[in-house]
Amino acid sequence: EAQVTQNPRYLITVTGKKLTVTCSQNMNHEYMSWYRQDPGLGLRQIYYSMNVEVTDKGDVPEGYKVSRKEKRNFPLILESPSPNQTSLYFCASSLAPGGVTQETQYFGPGTRLLVL
Amino acid sequence: AQKVTQAQTEISVVEKEDVTLDCVYETRDTTYYLFWYKQPPSGELVFLIRRNSFDEQNEISGRYSWNFQKSTSSFNFTITASQVVDSAVYFCALSEARTGANNLFFGTGTRLTVIP
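If you read the sequences in order, they're chains V and W. Anchor point for the first sequence: position 2 equals 2 in the numbering used here, and the numbering is continuous, going up by one each time. Anchor point for the second sequence: position 78 equals 194 in the numbering used here, and the numbering is continuous, going up by one each time.
No wet-lab data here; the hints were simulated from the structure. Among the hints, a few may not be true.
Output of the computed footprint for chain V on chain W, the stretches with three or more beta carbons under 8 Å from beta carbons of chain V [stated by the list, open to error]: (1) 147 to 153; (2) 179 to 192.
Pair by pair, the computed Cβ-Cβ distance ranges are [stated by the list, open to error]: (3) ILE77/V - THR188/W: 38 to 44 Å; (4) VAL162/W - ASN73/V: 31 to 37 Å; (5) THR188/W - GLU70/V: 43 to 49 Å; (6) ILE77/V - TYR180/W: 37 to 43 Å.
These figures come from a predicted structure and were not determined experimentally. Cβ atoms here follow ideal geometry from the backbone N, Cα and C, with glycine treated the same way.
Kindly produce the complete structure, drawing on both the sequences and the hints.
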């Protein structure tokens, strides 16, 4: 089944304790992206990757890191989480990286993070 | 700069009523794509439709229809004969070809409640 998976789905942590949220897709998609969803703000892009070893900042990258060592995986790293990073996080992927044809992005199930 | 506005924060309708969700966008690009996603109470994001800027034909899919009007920069979504299962948050989103990347810019969402 074609899908985007995220782990963990729920996470409670404390300020400053490094964490990683994994994202994996099995559709051989080139483009992957991370968004956070906050009440009243919709979804905002954190980082994106147009292919292996190619990553770039989105609209709200502060406090986050990413890596794209393999095509299928795009982990989101919070080196020192703070309470303002409490949010619902979504990973997404699409077939092509962008340009004239903007492919549909398919989203993972979301990861709900609470930073105390 | 790009922007997506969903002015209706919350809408409530009685089952079987028709309802239209508004989406107004801003972009300087001549080639762009518009999307609608549904987020049911379970939290996942479900893709509904993708429309490019050169195709202004309205689209119908079952009880769902979309009205794209470039003259007013709008891409409205109508649900006919609403059902309780339509209760969700609906997001309109925009991506621009000129960025070269498949990045989505979301509106803040409209929460639809269908009352039985």
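- Task: Output the numbers, in ascending order, of every earlier hint that fails for this structure.
- Result: 2, 4
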